[in-house]
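Could you slot chain B onto chain A? The hints should help.
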Amino acid sequence: MSRFLESEGSSTASSIDNSEDDNKSGTVQDRLNFLSRRLGQLGLEKDEDENVENPKSTTEWTEPRPDELRREEEAKETSTKPTEQRVKMPSDDKILIRFQAIGMIEQLNPNSAKITAKQPFSVVVTFLQKRLRVANVHCYVNNSFTPAPQQIVGDLWNMFKVQNELIISYCSSVAFG
Amino acid sequence: MEEIRRLVWDGTLNIEITVDADLVLADAAESSRRVFLKVPRDMYLVIYLPFIVARIQDILKIDLNDVYQGWWFHFGGTALDWTQPIGVLYDSLHNHRESMMGLGDSGRRVEIWKLRLNHSHQYPSGIIPIINGLRQIRHYWMHQWKQACFISNGSSKHIMSLSKQEALDFWDSILLRDRKLFRSICDKIIASSQPVKRIPVKIHLVVGGIRKVKDAAAEGPLSAQYTLGEFIGQQFPEYFPLESAAGGQTEILMQGIRPSLDLPLDQVYFKLASFDGFLHVLVKVAPSQACDDMNKITSKNIC
Chain A
1 MSRFLESEGS STASSIDNSE DDNKSGTVQD RLNFLSRRLG QLGLEKDEDE NVENPKSTTE
61 WTEPRPDELR REEEAKETST KPTEQRVKMP SDDKILIRFQ AIGMIEQLNP NSAKITAKQP
121 FSVVVTFLQK RLRVANVHCY VNNSFTPAPQ QIVGDLWNMF KVQNELIISY CSSVAFG
Chain B
1001 MEEIRRLVWD GTLNIEITVD ADLVLADAAE SSRRVFLKVP RDMYLVIYLP FIVARIQDIL
1061 KIDLNDVYQG WWFHFGGTAL DWTQPIGVLY DSLHNHRESM MGLGDSGRRV EIWKLRLNHS
1121 HQYPSGIIPI INGLRQIRHY WMHQWKQACF ISNGSSKHIM SLSKQEALDF WDSILLRDRK
1181 LFRSICDKII ASSQPVKRIP VKIHLVVGGI RKVKDAAAEG PLSAQYTLGE FIGQQFPEYF
1241 PLESAAGGQT EILMQGIRPS LDLPLDQVYF KLASFDGFLH VLVKVAPSQA CDDMNKITSK
1301 NIC
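Line by line, the protein sequences give chains A and B.
The opening residue of the first sequence carries number 1 in the numbering used here; numbering runs sequentially from there.
The opening residue of the second sequence carries number 1001 in the numbering used here; numbering runs sequentially from there.
To be clear, the hints were calculated from the coordinates, so they are not data collected in a lab.
Computed far set for chain B versus chain A, every beta-carbon distance over 10 Å: (1) Ala1029; (2) Ala1054; (3) Gln1122; (4) Asp1178; (5) Arg1183; (6) Ile1252; (7) Gln1267; (8) Ala1286.
Only pairs whose alpha carbons sit at most 25 Å apart, straight line, appear in this in silico SDA-like list of lysine to any residue: (9) A:Lys130 to B:Tyr1140; (10) B:Lys1157 to A:Val137; (11) A:Lys161 to B:Glu1230; (12) B:Lys1212 to A:Leu96; (13) A:Lys114 to A:Glu165; (14) B:Lys1197 to A:Asn143; (15) A:Lys161 to B:Phe1236; (16) B:Lys1164 to A:Asn143; (17) B:Lys1157 to A:Gly103; (18) A:Lys130 to B:Tyr1123; (19) B:Lys1212 to A:Gln150; (20) A:Lys161 to B:Pro1237; (21) B:Lys1164 to A:Cys139; (22) B:Lys1212 to A:Gln119; (23) B:Lys1164 to A:Ala175; (24) B:Lys1212 to A:Pro149; (25) A:Lys161 to B:His1204; (26) B:Lys1197 to A:Asn164; (27) A:Lys161 to B:Lys1157; (28) B:Lys1197 to A:Ala148; (29) A:Lys161 to B:Ser1161; (30) B:Lys1157 to A:Phe176; (31) A:Lys161 to B:Thr1083; (32) A:Lys130 to B:Asn1132; (33) A:Lys161 to B:Trp1141; (34) B:Lys1197 to A:Ile167; (35) B:Lys1212 to A:Val125; (36) B:Lys1164 to A:Cys171; (37) B:Lys1038 to B:His1204; (38) B:Lys1038 to B:Arg1135; (39) B:Lys1197 to A:Gly177; (40) A:Lys130 to B:Pro1129.
The C-beta atom is built at its ideal place from N, Cα and C for all residues, glycine as well.
One chain only, chain A, in its complex shape (with noise of 0.2 Å):
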């Protein structure tokens, strides 16, 4: 936030300096000069507010996108195979898991991410532990059992998956024995 001040002080006094020059010459390559210099500051401080705040740059995770969402529910309601040919997937594919928080625990904010479907289960508590800031959380598939680490979330979503979604809880202490 203090960044965000920051910049948006820095260009307000820009505009005001600038101002008075374009006023001062009052051509119009000096005010596209202005309006370029004020569009780069902006576009620029956006980014590097981005890298600093969004996990996705780091790691794999990204947010579903509605188009996304639609392409798989297409996939779904036009696919003709067998099941268990249906669920096969491309290792690059990636597979969509959503998080619902138990007890006094921060709720994720989006509830759902993005994860390629060969990592192991290890890479989603992680995410999950950098996420809430916390040392140690819980996880749970569909508010049943811990998977090992070493699971391969592919393989999780494609035997647990609840409407194309892979449903994982997490609790700071013990939830489910």
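Okay, now just chain B, sitting in the frame of chain A:
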């Protein structure tokens, strides 16, 4: 069926464990570094750490705060993943073909699996640290059962509704090797008398010394019609044609035996399922075939 289950339960391995020389006193005799065990195939090897450490603690030059913490087993440079049953690890890493070729005229030989035991504060890659002793091992095993229960019944209700005493008895039946008690609780979780929704399977694929584990579930009513060969062929359609399995280039093992690929999968599960509720199927691809298929396997979703 019950006789096969008994044979599976009673299956054992002879293991010779040698403690790494760096961990013992310089004047310790070579023989004192070795511990011999006869262990059930269906068990986690780390459960025996207290027994092993008790036999070598007099020659150890390291301080131990916890008999489970920091130890790991390795075979031929490969660290053993304690979360898999010992029998599965043995079948994955041991060359059965060479063993069979080494048999004398009598056809009998005592097979001993020689393992090394090491200790450090830094575990090798892929090994889950044990920080909470036997409780952690029990916790892991119970959650494997919950997972198997969920796959079979569509929920974990059967295992969650066990009383606390039954849950403790279930674990004790493993430690005390009480098959009757184990089966009585096991039948409450996944009843062999009723059709299962899906069959929980772990496929261990060994290709050219590289071992991968894939979790799979044979779906719905089809599972009863699947044969073992069809199921494995379906899991690895690109590089596991059934013809090659029939031709002997690919070896399929379960509980140390080579089952017929024509057996129905549900029958195989109820006879040969492991103590963690999963059917562990080992698929070993012969080295010559492994070289050809290596590129395909490294790109598949089974790592």
